[in-house]
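Going down the list, the sequences are from chains B and S.
Going letter by letter, the first sequence gives residues 59 to 532 in the working numbering.
Going letter by letter, the second sequence gives residues 59 to 532 in the working numbering.
Just so you know, these hints were derived from the structure itself, not from any lab.
Treat the hints with care, since some could be wrong.
All copies of an identical chain are treated as equivalent in the list; a pair is satisfied when it fits inside any one copy or across any two copies.
As the list claims (entries may be wrong) - Derived DSS-like pairs (lysine-lysine); straight-line CA-CA distance at most 30 Å:
no. : residue 1 : residue 2
1   : K469      : K302
2   : K307      : K180
3   : K457      : K106
4   : K407      : K488
5   : K133      : K475
6   : K200      : K365
7   : K78       : K113
Only a predicted model underlies this, so the values are computations on that prediction, with no experimental measurement involved.
Here are the chains, one letter per residue:
Number of protein chains: 2
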Amino acid sequence: MISFKKEENLSDWYLEVLTKADIFDYGPVKGTIIFKPYGYALWENIQKILDSLIKKEIGALNSYFPLFIPESYLKKEKEHLEGFSPEVAVVTYAGGEELQEKLIVRPTSETIMYAAFSKWIKSYRDLPLIVNQWCNVVRWEKRPFPFLRNTEFLWQEGHGVHATHEDSLETVFKALTVYLKVYQEYLGIFGFGGQKSESEKFAGALKTFTYEILMPDGKALQGCTSHDLGQNFSLPFEIRFQDKDMNLKYVWQNSWGFSTRSLGAIFMVHGDENGLILPPTIAPYQFVIIPIYDGRVDREIDDWAKKIMASLKEKNFSVFYDTSEETPGFKFNFWELKGAPFRIEIGKKELENKKLTLFRRDNKEKETLTLENLIDNYPRLEKNFIQNLFQRSKEFTLKNISEPSSYSEFKEIMETKRGFLRVFWCENEKCEAKIKEETKATTRCLPLEEKEEKGKCIYCGKEAKRRWLFAQAY
Amino acid sequence: MISFKKEENLSDWYLEVLTKADIFDYGPVKGTIIFKPYGYALWENIQKILDSLIKKEIGALNSYFPLFIPESYLKKEKEHLEGFSPEVAVVTYAGGEELQEKLIVRPTSETIMYAAFSKWIKSYRDLPLIVNQWCNVVRWEKRPFPFLRNTEFLWQEGHGVHATHEDSLETVFKALTVYLKVYQEYLGIFGFGGQKSESEKFAGALKTFTYEILMPDGKALQGCTSHDLGQNFSLPFEIRFQDKDMNLKYVWQNSWGFSTRSLGAIFMVHGDENGLILPPTIAPYQFVIIPIYDGRVDREIDDWAKKIMASLKEKNFSVFYDTSEETPGFKFNFWELKGAPFRIEIGKKELENKKLTLFRRDNKEKETLTLENLIDNYPRLEKNFIQNLFQRSKEFTLKNISEPSSYSEFKEIMETKRGFLRVFWCENEKCEAKIKEETKATTRCLPLEEKEEKGKCIYCGKEAKRRWLFAQAY
Numbered sequence: 059m060i061s062f063k064k065e066e067n068l069s070d071w072y073l074e075v076l077t078k079a080d081i082f083d084y085g086p087v088k089g090t091i092i093f094k095p096y097g098y099a100l101w102e103n104i105q106k107i108l109d110s111l112i113k114k115e116i117g118a119l120n121s122y123f124p125l126f127i128p129e130s131y132l133k134k135e136k137e138h139l140e141g142f143s144p145e146v147a148v149v150t151y152a153g154g155e156e157l158q159e160k161l162i163v164r165p166t167s168e169t170i171m172y173a174a175f176s177k178w179i180k181s182y183r184d185l186p187l188i189v190n191q192w193c194n195v196v197r198w199e200k201r202p203f204p205f206l207r208n209t210e211f212l213w214q215e216g217h218g219v220h221a222t223h224e225d226s227l228e229t230v231f232k233a234l235t236v237y238l239k240v241y242q243e244y245l246g247i248f249g250f251g252g253q254k255s256e257s258e259k260f261a262g263a264l265k266t267f268t269y270e271i272l273m274p275d276g277k278a279l280q281g282c283t284s285h286d287l288g289q290n291f292s293l294p295f296e297i298r299f300q301d302k303d304m305n306l307k308y309v310w311q312n313s314w315g316f317s318t319r320s321l322g323a324i325f326m327v328h329g330d331e332n333g334l335i336l337p338p339t340i341a342p343y344q345f346v347i348i349p350i351y352d353g354r355v356d357r358e359i360d361d362w363a364k365k366i367m368a369s370l371k372e373k374n375f376s377v378f379y380d381t382s383e384e385t386p387g388f389k390f391n392f393w394e395l396k397g398a399p400f401r402i403e404i405g406k407k408e409l410e411n412k413k414l415t416l417f418r419r420d421n422k423e424k425e426t427l428t429l430e431n432l433i434d435n436y437p438r439l440e441k442n443f444i445q446n447l448f449q450r451s452k453e454f455t456l457k458n459i460s461e462p463s464s465y466s467e468f469k470e471i472m473e474t475k476r477g478f479l480r481v482f483w484c485e486n487e488k489c490e491a492k493i494k495e496e497t498k499a500t501t502r503c504l505p506l507e508e509k510e511e512k513g514k515c516i517y518c519g520k521e522a523k524r525r526w527l528f529a530q531a532y
Numbered sequence: 059m060i061s062f063k064k065e066e067n068l069s070d071w072y073l074e075v076l077t078k079a080d081i082f083d084y085g086p087v088k089g090t091i092i093f094k095p096y097g098y099a100l101w102e103n104i105q106k107i108l109d110s111l112i113k114k115e116i117g118a119l120n121s122y123f124p125l126f127i128p129e130s131y132l133k134k135e136k137e138h139l140e141g142f143s144p145e146v147a148v149v150t151y152a153g154g155e156e157l158q159e160k161l162i163v164r165p166t167s168e169t170i171m172y173a174a175f176s177k178w179i180k181s182y183r184d185l186p187l188i189v190n191q192w193c194n195v196v197r198w199e200k201r202p203f204p205f206l207r208n209t210e211f212l213w214q215e216g217h218g219v220h221a222t223h224e225d226s227l228e229t230v231f232k233a234l235t236v237y238l239k240v241y242q243e244y245l246g247i248f249g250f251g252g253q254k255s256e257s258e259k260f261a262g263a264l265k266t267f268t269y270e271i272l273m274p275d276g277k278a279l280q281g282c283t284s285h286d287l288g289q290n291f292s293l294p295f296e297i298r299f300q301d302k303d304m305n306l307k308y309v310w311q312n313s314w315g316f317s318t319r320s321l322g323a324i325f326m327v328h329g330d331e332n333g334l335i336l337p338p339t340i341a342p343y344q345f346v347i348i349p350i351y352d353g354r355v356d357r358e359i360d361d362w363a364k365k366i367m368a369s370l371k372e373k374n375f376s377v378f379y380d381t382s383e384e385t386p387g388f389k390f391n392f393w394e395l396k397g398a399p400f401r402i403e404i405g406k407k408e409l410e411n412k413k414l415t416l417f418r419r420d421n422k423e424k425e426t427l428t429l430e431n432l433i434d435n436y437p438r439l440e441k442n443f444i445q446n447l448f449q450r451s452k453e454f455t456l457k458n459i460s461e462p463s464s465y466s467e468f469k470e471i472m473e474t475k476r477g478f479l480r481v482f483w484c485e486n487e488k489c490e491a492k493i494k495e496e497t498k499a500t501t502r503c504l505p506l507e508e509k510e511e512k513g514k515c516i517y518c519g520k521e522a523k524r525r526w527l528f529a530q531a532y
């Protein structure tokens, strides 16, 4: 059913499976995609989970800021401008007239939000101000790839404003923690939380934190980011507050985002030779029911299947009952390709025993049990499913971390199996640039758990204190 | 606290109240607004209600199509192009280069969706296809006004594709019915469901249906629209399917939208001399708890208030406990201005009797009751609140429908009190255009409940069959 092998040709496998699974279609403008209903439902379900965590754990309130940013706003923070200028889309006329000032279609909303914050914030009583928005953003991509690099993508961007750097850093880490929780506990994806290097951090940030995930082809994917903006924006945007001591101070800020890129990670990391494997936490249908007839429709089997569907729906499970005219075998393949986490088979035997046969997409195991049993056991079953996915992606990642002892070994690995390289780096940007030039590998992050040690830079041999993860990246 | 009177100066009252209530702020680009958290929460809550109805009652699946539409797409349907050309925003360069084809920032998504549908739909088995998306759209406004006419607004747009005109019309009316339900049963807003005239219908539709709401200044607001597109788009976009009889046929289509304009209707219709009145079905906080101290903080009152908050939150109510340093009187005014539907006052007396005092924002009545009583009665209370709002807006509207017997009387009403004018019109566009030119009144709709009668056109005196509603419009 799938012509490409995941291990041999990841990108062709990916495009074939996503197309056949009805996840997306290409938009007419290069680099844009259409999220078809079966693909969009995944994002809707991630939104529900993440939105609730953002509100509860970070205390952010949702809001909505305009799509169009005056060009002059982008120019206020120099690094930010330099970082985003090459990839913005620009509106030059509207309402039948040429515009006096060009409008940037938001690539991110720091500048438009912070111009408003400077009006809203006057006193320490107005802090912290933590807002979030779910929206579309546009960044022109030279080499687009569905979900991983799209010209337009969907995300949430959270923005915290605080009285002190310490308070702001707390929000930076709360956001990172929420993102790690989503990846690990809801999506079953292993990765490394860590800090970006100076050259890889967000344009305008003091520090950027990330979750770096290893893809099956040995390239890394940045899964999210959380930025400590320090006072880099509050100074040019003049966001000040009167503190309790009556002094006028500049605020400390942070921003953090999680995008539809995460869907690409799910597809790539979990998929197998039969197609997608969708975590039941976010699958459009947790259960797909397939009736098994000897020949034509058996009314009793159909009734039993419908009863099971109704009972599951009553418990708020999302269920699809596949009554199409295809054979059971066809349906099995079809829903395996689409990644349905749990398949319920109902045939003569199941009807006789008033049971159902449950097929798990992650380990392909089947068991026959009662409906009551399934409902009672579901929380454990779902948890086990996610843990199984997580364990697999963790094993794969750990197996693909190398610790080369020389730069020639480093180069050789990058030319062959790739993966993460854990090496000492002197933190000099020149070495980083040379390594990138010669091997296409960039610093992915300094993992949070890395401690200071004594070592020598893999490139220049000079003194180095910490081991960084390098990889080629999406 | 509010300087303008709603009855005397509606637009100044509106802008003052919305600003003081922290609903919105102006964006930097003319006609754009920032939805502040207290304003955005209203839209979030409407989304929850409407999204669930759209899925259940209309059977639509959510999806997401790109923001940018190639200019050539817009040109495929002539009326559609003519209708939208004057108000589109255009991207002419991106990624540092001038684009070969200009990109339209979507004013609505018929063209980009239908180009995709023509690829997706092949057989009668692919029908119906009903998709919906929640997104931002841009329509350049010459005379913007917050929420009612914004250059960028948020909405959902649903699009149905069917094998027959009959099936498509069913979806048109299902959508209209859902919108009426939201306005009437969740927002407490009276209006008229009806059909638009030929000149007022959507650019590209066969017929457009709407819900027309009377604002306090006697002008009408179009609250939503549902369009029968016939085959106007399926022909140029070549959306065809092979029917059961093996013949290739063009599909029948519909589209329908509900936007953040509805928030403007809520503010205008329900507000009073003390500020906003927000329906408890969508208010950011259903309950605001205000502790009443004689002088300084009373620990026991505070404990009792916190206990009430916790109990309400446990029952999934949204609650805000106002512990700021202001006086109770200040807080009462503040939350009345912000439209909090239910205020809970906790003072000495309430503490002694283990009760609470409940203030209803709609009728300003107070009663003292137990927490258990409040929780048990809440569904009835909320229903009564909405019905009360609905009744008020219905009475106001019915009081402001005139049935002038001559065109001079028509003109006089339009120069003085305005409101809806229910009159016979011959359905000739020339009369409609003349009336608009001379009185600024347009046909708002032919109400669904109007039956055929014998009459004479209010303008030309020729034979007319049906009574239309005319009004000046937002």
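Tested hints:
no.	hint	verdict
1	K469 with K302	neither (56 Å within a copy, 61 Å between copies)
2	K307 with K180	within (10 Å within a copy, 64 Å between copies)
3	K457 with K106	neither (33 Å within a copy, 44 Å between copies)
4	K407 with K488	neither (68 Å within a copy, 73 Å between copies)
5	K133 with K475	neither (42 Å within a copy, 50 Å between copies)
6	K200 with K365	neither (52 Å within a copy, 57 Å between copies)
7	K78 with K113	between (36 Å within a copy, 24 Å between copies)
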